[in-house]
Amino acid sequence: MTMTTMTTMTTPTTIKNNPDKILLGHGSGGKLSHDLIDNLFTKYFNNPILNQQSDSAVIPMSSNHIAYTTDSFVVDPIFFPGGNIGNLAVAGTVNDLAVSGAEPKYLSAGFIIEEGFSFSQLEQIVISMAVDAKKAGVTIVTGDTKVVDKGKCDKIFINTSGIGILDKKNVGISSGSAIKPGDKIIINGSIGDHGMSVMAARNELNIQTHITSDCACLNHLIADALKSSKLIKFMRDATRGGLGTVISELVKGSDYGIQIDEDKLVIHESVRGLCELLGFDPLYVANEGKVVIIVGSEDAEKVLSKIKESPLGKEASIIGSISEDHKGKAWLNTGVGGKRVIEMLSGQQLPRIC
Amino acid sequence: MKYIDEYRNKDIVQYFAGQINIISTKHVRIMEVCGGHTVSIQKFGLPYLLPKTVELISGPGCPVCVTSREYIDRAVAYSRMEDVIITTYGDLIRVPGSTSTLEKEKASGADVRIVYSILDAMLIAKNNGLKKVIFLGIGFETTAPASAAGILKARTAGLKNFYVYSAHKVMPPAMEALIDDGVNIDGYIGPGHVSTITGQSIYMDIPKKYKMGVVISGFEPVDIMQSIHMLVQQIENNEPKVEIQYTRVVKPEGNVVAQQMLDEIFEYRADWWRGLGILKNSGLKIKKEYEMHDSEKMIEVEVEETIEPKGCICGLILRGEKKPKDCGLFGKSCTPADPVGACMVSSEGSCHASYLYNR
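Keeping their order, the protein sequence lines are chains A and B.
Quick note: the first sequence, position 154, residue 154 per my numbering, numbers continuous.
Quick note: the second sequence, position 356, residue 356 per my numbering, numbers continuous.
FYI, nobody ran anything at the bench for these hints, they're computed from the structure.
A portion of the hints provided could be inaccurate.
As the list claims (entries may be wrong) - SDA-like cross-link-like pairs, simulated, lysine to any residue; straight-line CA separation at most 25 Å:
1) B:K43 with A:G279
2) A:K339 with B:Y48
3) A:K264 with A:G335
4) B:K43 with A:G273
5) B:K43 with A:S72
6) B:K43 with A:E324
7) A:K152 with B:R80
8) B:K106 with A:E324
9) A:K21 with A:I66
10) B:K2 with A:F79
11) A:K339 with B:K106
12) B:K10 with A:K152
13) B:K332 with A:L345
14) A:K264 with B:P47
15) A:K339 with B:Q19
16) A:K150 with A:R202
17) A:K339 with B:D5
18) B:K43 with A:G253
19) A:K327 with B:G328
20) A:K264 with B:Y48
As the list claims (entries may be wrong) - Covered stretches of chain A (in silico footprint by chain B; criterion: 3 or more residues with CB under 8 Å from a CB of chain B, positions within the stretch not fixed):
21) 267-276
22) 337-345
Said to hold, decoys possible - Okay, the calculated beta carbon distance ranges per label pair:
23) A:H220 with B:L152: 38 to 48 Å
24) A:L205 with B:G158: 23 to 33 Å
25) B:R269 with A:L205: 32 to 42 Å
Even glycine gets a Cβ: it sits at the ideal position worked out from N, Cα and C.
Please model the entire structure based on the sequences and the hints provided.
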């Protein structure tokens, strides 16, 4: 494909002199690297801190508590219904900060790209990151690009780190130390969408579905929830390992139990169908836009209705509670009236879903 | 979800739970033979709904679990050959052999690929003409017809580099062996998908010879609760017989086309089952006419000596004599992440199901 046809076909905004494919030279630090930075990264991530292009981003901070996190993204395929690896790379890190009770502010973005990767796809990924970062109110202030020989990585891997400002009153949220029996457990909607959309998008399965990833930045929803109640005691995004893993990690070694009501969980029909087909338990399937919130029972309804005001929380529900009995264990009240334990997932249910 | 939600209806499940409670007077031990049932029973928390008089025990119906270490050792040996691609259903790759697993071999460079169907394996063979592609044929009457169809198709298509390594087994000899061995069972929940192929006639000897009932069951909670109700009724009335609960799928005569295909490709042989030992006419061997697709015949390989793991009581668990929690290794040195025995590897294994849902 020639350069011109490529640009007119896929991304009309692409500027002149862009390559068709990423070459090893784009990671060399020389002229090609500078072109890539100028024509792509600073173009879309455009902000005064990044534009200085110094070795470190120098950022002003007003708080004495910061939250700091990092995550790497290797999803396969890199484009899936509902998003791409770029959306994941921003949302994953923004959400990790937000669930710690922090206000996400700054991100770094490191790209490891396989030689020969399509420039137009890279541009689509970068645009997705820029759009999501803007929506979430975060700035991508520093970055890095490496290009490796063909076959040494699978198309593109992205690492993002993030810094958020943490209000002193939210410092305990990430540990959940204030959780006590009677507290309610809320999730902001359906489970299993992301994992199953990626699974269905893999060619080898030859499955066509309408499942769309729930990939989204949750920081605004979480900020609203935090404003609505002082009794939010714990939050975690239910990514790899799904809701089941969050619940079983939380309860392990604790002096309370957890019970979850299966019939309160929202699982979309198509997700349930594909899980049945492939033998997966939706409890353990990854989400990329779901947060589990534990809140004092007196504020549970208030927080729930606040979350429901957000487009990302329309299907939110109270799915269970913290109990006095069966300490250290999580129980599921099954839809048919039975009971079973929720255990931590062992091994990989789905490889490379984020 | 249509055709599933109806069978997960809480009211109907509770109805059967109530009925079982009303009619059950004797203490009964009911064995679910099939691993699919084991998973459903644990996943939906059904034991919680049953009276104390009804005890459910898991049987030898997880094909991965009953497979010998020797089989895995040979598959591992094949995978180490330069010109071989191993294709397998996913469950098998983590099953421990004597000193290795297919997963470990894959990590050290062996070409081991997970497939969802034998047709995928054949496609790999077609696209890799210079390699020998071996499909690990595992499972009971449920998956054996697919292997048979694959072998037939490979022969028609002249796919000379495609082989099946058969560990296929048939169910009835194991069900009879358990009773012959004196395992304490009062009735069988019969395997739904095996019976879809075989029909009900293969179980007819069980009520006749052993005065014990078999109810062929579906896999949803309503199916299983109804089947337990039917069995308890049989036992209370002393009327052992073969009944089909899973009538929406299982026909009394089974799938005749699939049966013919099995007859065309396979013949019976004595086979080794974990927990049961060697049972005659319990394994399926590829017939001489099709041996060009039989890896055991066509591909020579040196296999290491088989070593059984110490302390693992998979065998007793598969016989229903012990429960996973009775094993000293369970949840300690044997977990799904680092399994010692096959019952902990397979998603249908009773140790795995117990670990996940009932610890």
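We went through each hint and held it up to the structure:
For the hint pairing K43 (chain B) with G279 (chain A), the CA-to-CA distance comes to about 12 Å; that is within 25 Å, so the pair holds. Straight-line distance between C-alpha atoms of K339 (chain A) and Y48 (chain B) comes to about 6 Å, which keeps the hinted pair within the 25 Å bound. Proximity of K264 (chain A) to G335 (chain A) is assessed by CA-CA distance (about 9 Å); at most 25 Å being required, the pair is judged to hold. Proposed proximity of K43 (chain B) and G273 (chain A) is supported: the alpha carbons are some 17 Å apart, at most 25 Å.
In summary, the hint linking K43 (chain B) to S72 (chain A) is not supported, as the alpha carbons are separated by about 33 Å, beyond the 25 Å threshold. For the proposed pair K43 (chain B) and E324 (chain A), the alpha carbon gap of about 24 Å is at most 25 Å, so the pair holds. For the given pair, K152 (chain A) sits about 24 Å from R80 (chain B) by alpha-carbon distance, which is consistent with the 25 Å threshold. Restraint check for K106 (chain B) and E324 (chain A): not satisfied, since their Cα atoms lie roughly 46 Å apart, outside the 25 Å limit.
Taking the CA atoms of K21 (chain A) and I66 (chain A), the gap is about 39 Å. The hint is violated against a cut of 25 Å. Simply put, K2 (chain B) and F79 (chain A) have alpha-carbon atoms about 31 Å apart, too far for the 25 Å limit, and the pair is violated. Only pairs whose Cα atoms come within 25 Å are accepted, and K339 (chain A) paired with K106 (chain B) is rejected, the gap being roughly 38 Å. As the CA atoms of K10 (chain B) and K152 (chain A) are separated by approximately 52 Å, the hinted pair breaks the 25 Å bound.
Taking the CA atoms of K332 (chain B) and L345 (chain A), the gap is about 16 Å. The hint holds against a cut of 25 Å. Between the alpha carbons of K264 (chain A) and P47 (chain B) the distance comes to roughly 22 Å, so the proposed pair stays at or under 25 Å and holds. Of the supplied pair hints, the one linking K339 (chain A) and Q19 (chain B) holds, its CA atoms being roughly 19 Å apart against a limit of 25 Å. With a C-alpha separation of about 21 Å, the suggested pairing of K150 (chain A) with R202 (chain A) holds against the 25 Å cut-off.
Our distance criterion of 25 Å between C-alpha atoms is met by K339 (chain A) and D5 (chain B), whose separation comes to about 18 Å. Simply put, K43 (chain B) and G253 (chain A) have alpha-carbon atoms about 23 Å apart, close enough for the 25 Å limit, and the pair holds. Between K327 (chain A) and G328 (chain B) the alpha-carbon distance is near 23 Å, which keeps this suggested pair within the 25 Å criterion. Taking the CA atoms of K264 (chain A) and Y48 (chain B), the gap is about 20 Å. The hint holds against a cut of 25 Å.
Coverage of the region 267-276 of chain A by chain B holds in this model, with 4 residues showing a Cβ closer than 8 Å to a Cβ of that chain against a need of three. Here the region 337-345 of chain A counts 6 residues with a CB under 8 Å from a CB of chain B, which clears the bar of 3, and the coverage holds. In this structure the hint that H220 (chain A) and L152 (chain B) lie 38 to 48 Å apart at CB is violated, the actual value being about 59 Å. One distance hint, 23 to 33 Å for the beta-carbon pair L205 (chain A) and G158 (chain B), holds here, with the actual separation near 28 Å.
Taking 32 to 42 Å as the suggested C-beta distance range, the pair R269 (chain B) and L205 (chain A) conforms, at roughly 35 Å.
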